[in-house]
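Q: Residue-level listing of the chains:
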Amino acid sequence: MQLGRVARIVLATITVVVLALIYLPLGVVFLNSISTSESLSWPPPGFTLEWWGRALESTGALEALGTSVVVALIASTIALVLGTLAAMALSRYRFFGKETVNLLIVLPIALPGIVTGIALNNAFRTLMGVDLAMWTLVVAHATFCIVTVYNNAFARLNASGTRLEEASMDLGAGLFTTFRLVTFPYLKSSLMAGGLLAFALSFDEIIVTTFTAGSGVTTLPLWILQNMFRPSQAPVVAVIAVILAVLSVIPLAIAQRLTAKDAEAVAR
Amino acid sequence: MTTHRLSAYLAPRRRLRLASLLTAPVLWLGLVYVVALAALLVTAFWTVNELTGQVQIEWTTENVVEVLTEALYRTVTLRTLGIALLVTVVDIIVAVPVAFFMAKVASARLRHLLVIAVLAPLWASYLVKVYAWRALLSSDGLIEWAVSPFGGSTPGYGIVGIVLTLSYLWLPYVIMPIYAGFDRVPDRLLEASADLGAKGWRTLVSVVLPTIWPAIIAGSIFAFSLSLGDYITTRIVGGSTQMIGTLVYTNVGAANNLPLAAAISLIPIGIILVYLAAVRRTGALRSL
Chain C
1 MQLGRVARIV
11 LATITVVVLA
21 LIYLPLGVVF
31 LNSISTSESL
41 SWPPPGFTLE
51 WWGRALESTG
61 ALEALGTSVV
71 VALIASTIAL
81 VLGTLAAMAL
91 SRYRFFGKET
101 VNLLIVLPIA
111 LPGIVTGIAL
121 NNAFRTLMGV
131 DLAMWTLVVA
141 HATFCIVTVY
151 NNAFARLNAS
161 GTRLEEASMD
171 LGAGLFTTFR
181 LVTFPYLKSS
191 LMAGGLLAFA
201 LSFDEIIVTT
211 FTAGSGVTTL
221 PLWILQNMFR
231 PSQAPVVAVI
241 AVILAVLSVI
251 PLAIAQRLTA
261 KDAEAVAR
Chain B
1 MTTHRLSAYL
11 APRRRLRLAS
21 LLTAPVLWLG
31 LVYVVALAAL
41 LVTAFWTVNE
51 LTGQVQIEWT
61 TENVVEVLTE
71 ALYRTVTLRT
81 LGIALLVTVV
91 DIIVAVPVAF
101 FMAKVASARL
111 RHLLVIAVLA
121 PLWASYLVKV
131 YAWRALLSSD
141 GLIEWAVSPF
151 GGSTPGYGIV
161 GIVLTLSYLW
171 LPYVIMPIYA
181 GFDRVPDRLL
191 EASADLGAKG
201 WRTLVSVVLP
211 TIWPAIIAGS
221 IFAFSLSLGD
231 YITTRIVGGS
241 TQMIGTLVYT
251 NVGAANNLPL
261 AAAISLIPIG
271 IILVYLAAVR
281 RTGALRSL
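Protein sequences, first through last, are from chains C and B.
This note's numbering applies: residue 1 is where the first sequence begins, and numbers increase by one.
This note's numbering applies: residue 1 is where the second sequence begins, and numbers increase by one.
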């Protein structure tokens, strides 16, 4: 776009400042994780690696990490299946009630988390009369994860149009062969991106989680919430956060690379 | 081959194909979510046994009347609405120039780096980010340290702290849809506008903004809705500030009054439904 030099510089400056502000609190968490101050006071009076040693020995944190991974994996797998089915239906067919189905998919994320949380808490406890457990948490997470997969798949299906699929069918391929050889390869990277987003959404969720997790089920956010007000644990919590932040860049970079390669292939 | 036969059977039957795609997701969302929401509405009209603390099916409008008439709920609703709107506006003002730079000014290589840079913090735990702000806002935190030489002081824990923290938390959610919106604006359109004599500013207002309006609305849904239901941020950086979320949580947890909590939660449901109905026409729901 035709933009003046000044406009470009102003925009670049704003972007740099905003990114710096996005990372500042995370940087503070990192410094707190190696600060000798247990109350996270600024500037740090000195530095120590004591908290890192303690964090890697914390069985509670490691168990919570395992629980979070399991819950997020199952929830995002369910969301992948349901979100893809819904995206194929809504992108390829016109039918009565389409807007309603669209609203239904968006609703769990559009409504405030506390509403989803209390609604599911009430449904499990009062309506079904079951005790909260790990599966109630998985069901809750899968429900609000569907929309992220759906959005990615729907956008890709809409952009691709139906011509390739029609050509495949005209050449004699059946529905499943067409899906396997034409639609799925085209969808793959957007499903990957949607799945990663769903995983992240579940992994980080705390509000619905506090309402739907059984008493023995501790996800990493729940562990952090339980531990962050204990003065001696605060720096350990910071260590766990730093590890998570660093590890998370890897899958995102993979997803990003996949999407970029895919876009190149489409352009060709 | 059974899949072969199934495929041949389904191919001419459009409705059956549609049904086989839609059944599972609609059943899941219907059974898990719509039923739960409906049950929540019903529970708001039940009571709690004062002796056992159990929910009992005894119909009453007491909870809903209490929520609608008591001044406490009106005050808290207005405060929560104000905070959510302020957070939404702050996020959009910050997100638009950043998203525009990412989509239309940065090179392809830089764009990928920026997308990663914006998305990466989403993975850092929500709670630790809030806790980081608790540390930043505290009386011996970084903000106090940075502004006290100029005679300022930290806003501390309260409404300002909540607005700052919530704006920070939801910013990536607002940047990404607006970035996607800018990305969808074809460069040809901008060139055409320039060829027809429009300066940069004019192109922005007359061509770009109308095109990405749905994307901005989509971003605003995240910031608005997520702020409306938040109670953890309020507890950590809000001092004694009450929001709708904290009232609901207190009644589910400590007070163990699910019917009253259900009645209170009708407030954000109502607000969001009105909001969604208002933005539905812009097509924003499809660009979420």
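Everything labelled a hint here was simulated from the structure, so no lab data went into it.
Since the structure is predicted, the reported quantities are computational estimates derived from the model, not experimental observations.
Just so you know, not all the hints are guaranteed correct.
Looking from chain B toward chain C, a few residues come up when the C-beta cut is under 10 Å (computed) [stated by the list, open to error]:
id, residue
1, L68
2, E70
3, R74
4, R79
5, F101
6, V105
7, V118
8, A120
9, R280
Every residue, glycine too, gets a C-beta built ideally from N, C-alpha and C.
Q: With reference to the structure, classify each hint as holding or not holding.
A: Verification of the hints:
Hint status for L68/B relative to chain C: violated, with the closest Cβ pair at about 18 Å, above 10 Å. Proximity of E70/B to chain C is violated relative to the hint, the smallest CB-CB distance being about 19 Å (cut-off 10 Å). Checking R74/B against chain C by beta carbon gives a least distance of about 18 Å; that is not within 10 Å, so the hint is violated. With a cut of 10 Å, the hint placing R79/B at the interface with chain C is violated, because the nearest CB-to-CB distance is about 15 Å.
For F101/B, the interface hint holds, since its Cβ comes within 10 Å of a Cβ in chain C; the closest pair sits about 4 Å apart. Residue-level restraint check for V105/B holds (minimum Cβ-Cβ distance to chain C is 6 Å; threshold 10 Å). Of the supplied interface hints, the one on V118/B holds, with its beta-carbon coming within about 7 Å of a beta-carbon of chain C, less than 10 Å. The criterion of a C-beta within 10 Å of any C-beta in chain C is met by A120/B, whose closest approach is roughly 5 Å, and the hint holds.
About 8 Å separates the beta-carbon of R280/B from the nearest beta-carbon of chain C, less than 10 Å, and the hint is met.
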